[in-house]
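All residue numbers in the sequence shown are consecutive under numbering that gives the first Met the number 0, ending with 610.
Think of the hints as simulated: they come from the structure by calculation, not from any bench. Hints should not be assumed to be uniformly reliable.
Unchecked claim - Label-pair distances were calculated between CB atoms; the ranges are:
1. 488 <-> 560: 21 to 31 Å
2. 441 <-> 47: 27 to 37 Å
3. 188 <-> 25: 47 to 57 Å
4. 600 <-> 347: 32 to 42 Å
Here the structure is a predicted model, which means the values were calculated and not measured. C-beta: ideal position from N, C-alpha, C; glycine also.
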Amino acid sequence: MPTYKAPLRDMKFIMEELFGAPAQLAAMPFYAQNETADADLMEQVLAEAARFVETELVPLNAVGDREGCVRHENGEVTTPTGFKAAYDKYRAAGWTALDADPAYGGQGMPHLISNALVEMMNSANVAWSMYPGLSHGAYSALRAVGSDELKNLYLPRIVSGEWTGTMCLTEPHAGTDLGIIRTRAVSNGDGSYAVSGTKIFISAGEHDLAENIVHLVLARLEGSPQGTKGISLFLVPKYVPDAQGNVGERNGVVCGSLEHKMGIHGNATAVLNFDGARGWLVGEVNKGMNHMFIMMNAARLGTGLQGLGLGEVAYQNALAYAKERTQMRHEPRVNPGESADPIIVHPDVRRMLLTGKAYSEAGRALAMWLALSLDTEHHHPDDAARKEAGDLVALLTPIAKAFMTDNGFGVAVQSQQVFGGHGYIAEWGMEQFVRDARIGQIYEGTNGIQALDLLGRKVLMDGGRRLQKLAGTLQEFVEENEGDEFIGDYVNQLGKAAQQLGSLTMVVGQKAMGEGGADEVNAAAVDYLRYFGHVVYGYLWARMAKIAGEQIGAGLDRDGFYLSKVQTAKFYFAKLFPETKALAATIKAGGETLAVDDRAVFGWEGRLATA
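Could you build the full structure based on these sequences and the hints that come with them?
Okay, structure coming up:
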């Protein structure tokens with residue numbers, strides 16, 4: 000069975016040495032008043048979180064994959080053996096309330112800490128972690144735009160974990176294109192609405208972990224405009240609360256079936272049928288898409304953490320196997336008296352392991368940077384600081400979702416490869432990591448959609464404002480560290496790549512204004528996001544390498560941690576970062592190579608090209 004140890008040492012390094020998070024958080028009145036920004040307290044919380052996930056969730060991962068969820072004739076769903084008991088312990092320990100507002104029963108801990116907890120949970124058992132994960136997204140949206148009446152009734156119960164939440168967007172005919180949804184809402188004349196329609200792919204849509212499930216549902220009111228401008232957001236509980244706020248009558252929402260999936264078997268992916276279900280408007284009429292994006296953006300960051308978590312646990316198990324598995328002889332021999340050497344000495348195995356380590360540690364740094372930025376956006380006393388932090392989160396969220404899940408899946412596959420044939424056998428658990436990681440590239444907006452969001456909306460439609468701000472940060476770092484004894488070469492590479500990112504943006508933007516139009520943006524977007532991701536990772540790796548080099552120079556590397564950072568950075572810039580050169584060429588190639596004769600190439604009477 001696979002094992003997992005939470006990377007607490009690396010988390011501590013990123014929080015305290017890379018970002019100086021305790022001092023930043025302590026300067027925010029919200030955390031100072033709640034006394035939740037103390038470095039020792041945060042370290043203790045993470046240590047206890049590690050204990051919980053390692054002892055309670057890791058053993059259930061294979062169980063959930065093997066058993067899956069069971070739907071009964073009445074539409075009720077039973078989760079795998081042990082899932083409910085683990086959730087009860089999770090609730091009792093207060094983890095559901097970790098970063099929630101104390102006004103609703105939360106503990107007021109920083110997003111930075113809940114971010115680290117979510118990464119651990121995803122490494123330990125990603126299917127289980129989705130149940131409380133969806134609840135947190137529902138909490139965020141309801142807290143931001145819900146009425147006081149709804150917030151006072153539902154938020155304390157969601158925060159306590161007594162009730163869980165979902166997000167209901169997708170319909171059988173409407174995935175990315177939510178403007179064509181058919182779910183309808185009709186006023187009941189008493190402040191509530193009758194919601195009818197079918198939603199599919201609803202993660203944690205039905206289960207036995209909590210006594211009530213709160214669905215946030217996109218639907219269209221009668222007379223509303225067509226398209227996304229006519230969509231509203233509704234809160235539809237599985238059980239309608241009574242006057243005292245206790246679970247009351249069963250509502251008109253039923254699980255029609257569960258999807259049979261490639262992975263995440265332990266999570267109930269439900270088809271939900273709403274038949275005149277009572278719901279309440281959340282926020283403003285026809286502003287449902289804007290309101291739901293609060294939850295969707297949280298879910299996208301959470302999905303990035305799934306990619307990070309699965310890549311980390313796959314790497315850990317591949318590393319352990321490579322130390323023990325003996326095959327072939329290496330010169331010089333490691334085990335001269337044995338018939339073979341451990342495979343970790345072979346260069347290609349080392350390449351795969353270092354790739355996993357490099358992507359996981361840079362991904363963790365990005366995730367924590369964004370988590371700290373969220374803390375700043377929500378709680379910093381200075382308006383300008385909040386605005387700057389919010390802009391950074393908006394710009395980098397597509398990268399966190401897409402780049403981290405692409406890399407996480409790639410790391411899972413390469414870690415499986417380290418096992419050779421054993422990696423294909425279920426008992427080792429590596430094939431489950433591959434299957435579980437695959438969905439991260441698909442849901443919460445496919446990675447292609449994330450790329451379009453980044454290039455089309457966050458960069459070009461913004462006039463490059465957010466990009467220019469980040470470019471200024473990178474340029475300042477490059478100028479300060481040119482010729483640095485530890486990272487001078489990395490800074491040189493980073494500076495050239497960051498500068499080229501700006502020129503590539505201009506190239507695509509100019510083509511988009513020509514005959515190619517939006518197709519030029521679409522053709523370049525995926526490669527552009529990956530290029531951008533490498534620039535961000537390169538910046539973080541250069542910063543981490545500088546700190547580590549200085550610590551080594553000061554004689555403070557007693558356990559080899561800083562040497563590990565320095566050597567992993569060297570690998571990243573030599574073997575992974577150069578991908579930017581190929582990506583630059585494919586971005587410049589534009590959409591011309593995609594404008595093929597559809598009849599000749601695809602056998603389809605679509606657009607016909609002449610050359």
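Consistency of the hints with the structure:
| no. | hint | in the structure |
| --- | --- | --- |
| 1 | 488 <-> 560: 21 to 31 Å | 22 Å, holds |
| 2 | 441 <-> 47: 27 to 37 Å | 33 Å, holds |
| 3 | 188 <-> 25: 47 to 57 Å | 51 Å, holds |
| 4 | 600 <-> 347: 32 to 42 Å | 36 Å, holds |
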